Amino acid sequence: MCLTIIGAATTKTSNSEKANASEYWKPVEKAMGEKGKVSPDGAIKFTIPMTLNVTLDGIKLNQASERSHDFDFMRAGDQAMMVGEIGVTEEEVKNVSDMVLQSGLQVTAIHNHLLRTSPHITWIHIYGNGDPIDMAKNIRNITDYVNGYSSASESEKFQSKGINTTELDRIIGDKGSAEGGDYNYDIPRADKVRMNGYVLSPVMDVSTMINFQPLGKGNAAVIGEFVLEENEVEPVVRTLAANGIEVTALHSHMITEQPRLFYVHCWATGDATELAGIMREALNETNSKTGSESS
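Numbering (the working numbering), first residue to last: 1 to 295.
The set of hints was computed from the structure by calculation and includes no laboratory data.
Incorrect hints may have been included.
[To be verified] Simulated restraints, written as ranges between beta carbons of each label pair:
| id | residue 1 | residue 2 | range |
| --- | --- | --- | --- |
| 1 | E246 | G197 | 37 to 43 Å |
| 2 | L101 | G277 | 29 to 35 Å |
| 3 | K35 | E229 | 30 to 36 Å |
| 4 | A109 | L215 | 27 to 33 Å |
| 5 | D78 | K35 | 20 to 26 Å |
Computed from a predicted model, the values in this text were never measured in an experiment.
Cβ coordinates follow ideal geometry from the N, Cα and C atoms, glycine included.
Go ahead and model the full structure; you've got the sequences and the hints to work with.
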């Protein structure tokens, strides 16, 4: 009986905190012109689909398949911290970088995530600390420039096309979500990552992301972004390469996080369950939380 009461109280507190966070972020959502997704710890993620069509190896990428700009906010004292990534064409890199800097935000990385995309997409990673409404207004100006002005976009619907998502969950060891046309996993690191005096929410670019885009007959394109400490990089790259997964990028996203994090991006197509098995094998080389541990 005591355990039940404690559990109920904990849930009530958690729901209350999330409700308070949702209220706090409403002016930021208004400034962004987008609805964000509030996490249980009170951070918020904005995912803004590109209006640009992108293909890779003849496959038109879904919104969740590296075709969205992402911006993550968490409270930091009486201000907020933001990390984000903006997908641009090569011709847009200079102007967008200048816009970021002129708005008082920082550029922390510029690089590719995938190879052979048409058009070639370059990612500009950004960081900010300050008034969240001001940061949101500046971000909105940038995304309007990149996308052309548009109101909040409707997410692409997920169609399994023969993929057994229950089996994928069993193999990965976590519960995925169907958003942006893909079946997606966000798997947080088990260790605490700090930046500028604060422990980062898993939402703040410190979770491994694995996305399955259905291709038909149980096949999928898998896109992975593994978030790693330095001692995990070599084992993960070796595991992926040994199993036919193309490693497409290795780099940093942020500058002042502790411990330092490295990001391994990868791409492959094939039977979805076989690809999930390889992703799970690579995850085994990382200090990550899955299943009930990730709650």
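Hint check:
About 38 Å separates the C-beta atoms of E246 and G197, a value consistent with the hinted range of 37 to 43 Å. Remark: the range hint 29 to 35 Å for L101 to G277 is contradicted by a beta-carbon distance near 43 Å. Take K35 and E229: their Cβ atoms lie about 33 Å apart, and the range 30 to 36 Å holds. The hinted window of 27 to 33 Å between A109 and L215 holds, with their beta carbons roughly 30 Å apart.
Checking the proposed 20 to 26 Å range against D78 and K35 shows it holds: the Cβ atoms sit about 24 Å from each other.
Hint compliance for this structure: hint 2 alone is broken.
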